[in-house]
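Put together the whole structure using the sequences plus the hints.
Start counting the sequence shown at 1; every next residue gets the next number (our numbering).
Note that these hints are calculated values from the structure, not bench results. Hints may be right or wrong, so weigh each one.
[Stated by the list, open to error] Here are the computed distance ranges between Cβ atoms for each label pair: (1) S140 to S165: 16 to 24 Å; (2) P52 to I170: 30 to 38 Å; (3) K176 to C137: 43 to 51 Å; (4) P52 to D139: 34 to 42 Å; (5) Q36 to H114: 31 to 39 Å.
[Claimed, not checked] Listed next, the in silico DSS-like pairs over lysine-lysine satisfying Cα-Cα at most 27 Å (straight line): (6) K63 to K24; (7) K24 to K149; (8) K15 to K156; (9) K82 to K24; (10) K63 to K37; (11) K149 to K82; (12) K156 to K63; (13) K82 to K37; (14) K24 to K156; (15) K63 to K162; (16) K82 to K156; (17) K37 to K149; (18) K15 to K149.
Quick caveat: nothing in here was measured; it's all calculated off a predicted structure. The beta carbon of each residue, even a glycine, is placed where N, CA and C say it ideally should be.
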Amino acid sequence: RGVGMYIHKGIPYTKLDMTKSNIKEILSISITMEDQKRLIISNIYRSPNSSPEESNFINNHLKNLRTTYYEQHLILGDFNRKYIDWDTVSSTSSDDNAFIEATRDGFLTQLISHPTRARGTDQPSLIDLLLTSNAECIDSLTLDAPYGKSDHSIIKFTYRCKPESRPDKIICKYEKADF
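So this is what it looks like as structure tokens:
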């Protein structure tokens, strides 16, 4: 359990402070684009046994995205919302419906359409989600076979954007100079 991100060393980013909650499984970063627009990327794990407080924090995080200074939002993770029918965007659970409303309030689109988890004889379920405010920036979305002993599909996609780049570091080698 837990969340993580691999970020190319050439992409400058800022880790956002998420300590206002008791949720340990949320990681958010900010990346500034060449056009000075900012992208927030969040990776979230929500336990199937989450407390109402944890679910509300995640819902509020999604709802409040549109009121932040970030123009683009990319949220992915294991939300354990297996009773949501993403074809009709509905559920019989009030907790799931609150989550659906939070994604709508945040102007987010859920892009994965096939089950992402299958274990033994369990019914395959779509619990790993890719939510974005810019669906047109997502290319080549595929689900690959699980890695190792995992029962979750690997989600691969390309997010088209141009992050600000770090200037190349200049290293002076005075010992090689010919004075």
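Which of the numbered hints above does this structure break?
Per hint list: 2, 13, 17, 18 violated.
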